[in-house]
Amino acid sequence: MAYFAESSPRTTTAPQADTALALEGVWRVVVLNDPVNLMSYVVMVFKKVFGFDETKARRHMLEVHELGRSVVWSGLREKAEAYAYTLQQWHLTAVLEPDETH
Amino acid sequence: MKRIEVKLSLAIVAPLLDVIREVSSGLGERLAAPLSIDDLDPEFRDAWTADLVASQSTDVRMLLGLFDENFFAEGVIGLDETNAEQVLRACAAVRLRLREKYLKGLGDDTLESSEIELEELEEPVRKAFLCYLFLATLQELIIQHLDATILEG
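Here the protein sequences line up with chains A and B, keeping their order.
If you count the first sequence from 1, position 47 lands on 47 in the working numbering, and the numbers rise without skipping.
If you count the second sequence from 1, position 69 lands on 1069 in the working numbering, and the numbers rise without skipping.
Same shape as in the complex, but just chain B:
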């Protein structure tokens, strides 16, 4: 089983976790990316939404679970075939919600290029944008190192 351990800077990442937790709990019963299929049978739509929300919640719990006592002691998180796929999806969900809640004012082009002067941003947008970048970095690491593991899974 392929496993990667990522050493993170506690000083940088720890302050972001409150925002990530807050945004994660804000997802609650809503989907990070709302359903866009208009002609679904209403019962079918409700069932889909319930299943997708449950799956999203499980993924997000897996992401938040990375930042446990071990992380706060050593600054290390571990990723392998048991959590990579869920963490990857959870990062996408939280990033979508971060945009919805804090980052819409930056504009989609700016957000897509991520070319933003951090010093020019004010709180809470600055911290939300740092979370957005951090989760993207986590996704890149997973895709770079565990892509084959996810595709085989």
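Bound-form chain A, shown alone:
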């Protein structure tokens, strides 16, 4: 056995299990700035998709505009993906990031 192995056996998880583990936890939906979509359009989309009121929608829009990104939602991966899909339908660029504060 030693002849064929250079080190002790390691316990590994199957790739599928790795993926499942990687997708657990809390995820952030982050909207990125683009130079095309109107500020009023982004505000309306935030109100429509997330149910934000005007003030909250404007705050997030300004964050996107001034800082280049805004975390608009965080929670389970499946729901984060659903939000990202809907934002994509409205042609806003969204990414998902693990929320490492949880």
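Treat the hints as calculated values from the structure; they're not laboratory data.
There could be a bad hint or two in this list.
[Stated by the list, open to error] Calculated cross-link-like contacts (lysine to aspartate or glutamate; reagent style DMTMM-like; alpha-carbon spacing at most 20 Å): (1) B/Lys1007 <-> B/Glu1074; (2) A/Lys47 <-> B/Glu1152; (3) B/Lys1007 <-> B/Glu1069; (4) A/Lys48 <-> B/Glu1081; (5) A/Lys48 <-> B/Glu1140.
With chain A held as given, fit chain B onto it using these hints.
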């Protein structure tokens, strides 16, 4: 049902429609804003992309449908709860594609502020930029007048 009718200048808008149609058909099977999520399962990504492209195509058809015989006869387009949301999204898609195809050279800051001397632009950029402004105006009108309709829908 709230409905707005917008009277447009045929002399100004009609020449822009060829560019809007050309850019719309150029969208074809591609998304106006490419997917930015890297870790999606490939099958899931393909399914998403197909659904999003189909939705984008439906929206764009709705936008182009505004400019029908009635528009060319009277210069009027009608917007209400049956088309506002789709037209709004289609305008965003076509504007993104206009930037990609014709307007990148203007620079993002200039594009965002839209402070450009039209006389200084050469064709086809000038006409593409006019389309870009026209579609933004359409979006502003919809948001100004039909925001509540869209949010309730």
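Hint check results:
| no. | hint | result |
| --- | --- | --- |
| 1 | B/Lys1007 <-> B/Glu1074 | holds (8 Å) |
| 2 | A/Lys47 <-> B/Glu1152 | holds (11 Å) |
| 3 | B/Lys1007 <-> B/Glu1069 | holds (14 Å) |
| 4 | A/Lys48 <-> B/Glu1081 | holds (14 Å) |
| 5 | A/Lys48 <-> B/Glu1140 | holds (16 Å) |
The structure agrees with every numbered hint stated previously.
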